[in-house]
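J.: Work out the full structure, taking the sequences as your base and the hints as a guide.
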Amino acid sequence: DVKVTQSSRYLVKRTGEKVFLECVQDMDHENMFWYRQDPGLGLRLIYFSYDVKMKEKGDIPEGYSVSREKKERFSLILESASTNQTSMYLCASTLGVPTDTQYFGPGTRLTVL
Amino acid sequence: GESVGLHLPTLSVQEGDNSIINCAYSNSASDYFIWYKQESGKGPQFIIDIRSNMDKRQGQRVTVLLNKTVKHLSLQIAATQPGDSAVYFCAENPGGGFKTIFGAGTRLFVKA
Numbered sequence: 001d002v003k004v005t006q007s008s009r010y011l012v013k014r015t016g017e018k019v020f021l022e023c024v025q026d027m028d029h030e031n032m033f034w035y036r037q038d039p040g041l042g043l044r045l046i047y048f049s050y051d052v053k054m055k056e057k058g059d060i061p062e063g064y065s066v067s068r069e070k071k072e073r074f075s076l077i078l079e080s081a082s083t084n085q086t087s088m089y090l091c092a093s094t095l096g097v098p099t100d101t102q103y104f105g106p107g108t109r110l111t112v113l
Numbered sequence: 001g002e003s004v005g006l007h008l009p010t011l012s013v014q015e016g017d018n019s020i021i022n023c024a025y026s027n028s029a030s031d032y033f034i035w036y037k038q039e040s041g042k043g044p045q046f047i048i049d050i051r052s053n054m055d056k057r058q059g060q061r062v063t064v065l066l067n068k069t070v071k072h073l074s075l076q077i078a079a080t081q082p083g084d085s086a087v088y089f090c091a092e093n094p095g096g097g098f099k100t101i102f103g104a105g106t107r108l109f110v111k112a
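Residue numbers (this note's numbering), protein chains in the order written: chain A, 1 to 113; chain B, 1 to 112.
Read the hints as simulated data drawn from the structure, not as lab findings.
Note that beta-carbon positions come from the ideal geometry of N, C-alpha and C, so glycine has one too.
It cannot be assumed that every hint is accurate.
[Unchecked claim] Cut-off 25 Å, straight-line C-alpha distance, at most; resulting in silico cross-link-like pairs (DMTMM-like, lysine to aspartate or glutamate): (1) B:99 with A:62; (2) B:99 with A:17; (3) B:42 with A:30; (4) B:37 with A:17; (5) B:99 with A:28; (6) B:68 with B:39; (7) B:37 with A:28; (8) B:37 with A:59; (9) A:70 with A:30; (10) B:99 with A:59; (11) B:56 with A:51; (12) A:3 with B:39; (13) B:42 with A:22; (14) B:71 with A:72; (15) B:68 with A:38; (16) B:99 with A:30; (17) B:37 with A:79; (18) B:56 with A:100; (19) B:99 with A:51; (20) B:99 with A:38; (21) B:71 with A:62; (22) A:57 with B:15; (23) B:37 with A:69; (24) A:55 with A:28; (25) B:42 with A:26; (26) A:13 with A:51; (27) B:71 with A:51; (28) B:99 with A:22; (29) B:37 with A:100; (30) B:99 with A:72; (31) A:3 with B:84; (32) A:53 with A:28; (33) B:99 with A:26; (34) B:42 with A:100; (35) B:37 with A:22; (36) B:99 with A:69.
[Stated by the list, open to error] Short, incomplete list of chain A residues facing chain B, as computed with Cβ under 10 Å: (37) 20; (38) 43; (39) 61; (40) 64.
T.: Have a look at this one:
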């Protein structure tokens with residue numbers, strides 16, 4: 001079974017802090033994604049990566065950056081956390097073509113005070 | 001604009017009954033649709049998908065129906081069980097690209 005793990009289930013940070021969210025997949029998937037999930041808005045794509053060191057903006061990249069130095073690891077960085085970034089963050093991966101099944105991690109619930 | 005929406009935010013069904021979760025989409029160019037299930041404390045999990053050249057696809061206890069004429073997608077769950085209680089998302093992938101558009105979700109409650 002594909003396993004996607006995220007470094008933290010719950011995280012509480014203060015406004016202005018730099019925040020790192022880590023995601024690791026163990027099935028040699030090419031593509032990795034970061035979403036945020038908010039009530040009534042569904043999942044919104046922040047960034048995705050289709051190869052090591054490659055990244056593309058999603059629909060809501062403002063205030064975020066990403067890093068993919070190794071194939072299995074995709075990091076989401078909040079350079080200066082703000083209260084409106086309080087959300088559930090979900091990482092996903094797919095094997096090859098974009099329409100392959102997306103496998104999601106359990107999510108990180110981030111609260112910014 | 002592009003959107004994938006759900007008609008009802010919550011659905012409550014009796015255990016053993018069939019459930020129908022509906023979804024509307026607006027992008028007529030979309031050619032690939034997916035249903036996900038998200039249980040409490042977990043990430044979304046793939047249930048079933050369908051391509052635009054089909055109007056029906058069946059899985060184990062689940063059926064997805066696609067009506068391209070009215071841009072409507074539905075998920076039918078047969079003999080609903082307590083373990084089916086979750087939030088269900090429809091999703092749309094226009095043109096086979098990297099951006100999947102997710103609906104807001106429908107919460108399904110199963111009454112024993």
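J.: It remains to establish, for every hint, whether it holds in the given structure.
T.: Here's how the hints hold up against the structure:
1. B:99 with A:62: Measuring from Cα to Cα gives roughly 17 Å; hence the hint holds.
2. B:99 with A:17: 29 Å, violated
3. B:42 with A:30: Distance ~23 Å between residue 42 (chain B) and residue 30 (chain A) Cα, so the pair holds.
4. B:37 with A:17: Roughly 33 Å between the alpha carbons, so the hint for residue 37 (chain B) and residue 17 (chain A) is violated.
5. B:99 with A:28: Given that 25 Å is the threshold and the Cα spacing comes to 20 Å, the pair holds.
6. B:68 with B:39: Roughly 29 Å between the alpha carbons, so the hint for residue 68 (chain B) and residue 39 (chain B) is violated.
7. B:37 with A:28: 24 Å, holds
8. B:37 with A:59: 22 Å, holds
9. A:70 with A:30: 11 Å, holds
10. B:99 with A:59: 9 Å, holds
11. B:56 with A:51: 34 Å, violated
12. A:3 with B:39: 16 Å, holds
13. B:42 with A:22: Distance of about 16 Å is within 25 Å: holds.
14. B:71 with A:72: 37 Å, violated
15. B:68 with A:38: The hint is violated at about 28 Å.
16. B:99 with A:30: 15 Å, holds
17. B:37 with A:79: 32 Å, violated
18. B:56 with A:100: 19 Å, holds
19. B:99 with A:51: With a Cα-Cα distance of about 16 Å, the restraint between residue 99 (chain B) and residue 51 (chain A) holds, given a limit of 25 Å.
20. B:99 with A:38: Given that 25 Å is the threshold and the Cα spacing comes to 18 Å, the pair holds.
21. B:71 with A:62: 31 Å, violated
22. A:57 with B:15: Not satisfied, since the Cα-Cα distance of roughly 43 Å exceeds 25 Å.
23. B:37 with A:69: It is violated: about 31 Å lies between the C-alpha atoms, which goes past 25 Å.
24. A:55 with A:28: 17 Å, holds
25. B:42 with A:26: Holds. Residue 42 (chain B) to residue 26 (chain A) sits at ~18 Å (cutoff 25 Å).
26. A:13 with A:51: 30 Å, violated
27. B:71 with A:51: Violated. Residue 71 (chain B) to residue 51 (chain A) sits at ~34 Å, over the 25 Å cutoff.
28. B:99 with A:22: Cα-Cα ~21 Å, so holds.
29. B:37 with A:100: 17 Å, holds
30. B:99 with A:72: Given pair residue 99 (chain B), residue 72 (chain A) holds - Cα atoms ~20 Å apart, limit 25 Å.
31. A:3 with B:84: With a Cα-Cα distance of about 22 Å, the restraint between residue 3 (chain A) and residue 84 (chain B) holds, given a limit of 25 Å.
32. A:53 with A:28: With Cα atoms ~15 Å apart, residue 53 (chain A) and residue 28 (chain A) stay inside 25 Å; holds.
33. B:99 with A:26: 22 Å, holds
34. B:42 with A:100: The given pair, whose Cα atoms are some 20 Å apart, holds under the 25 Å limit.
35. B:37 with A:22: 23 Å, holds
36. B:99 with A:69: 22 Å, holds
37. 20: 19 Å, violated
38. 43: Where the cut-off is 10 Å and the nearest Cβ of chain B is about 4 Å from residue 43 (chain A), the hint holds.
39. 61: 12 Å, violated
40. 64: Violated, about 16 Å.
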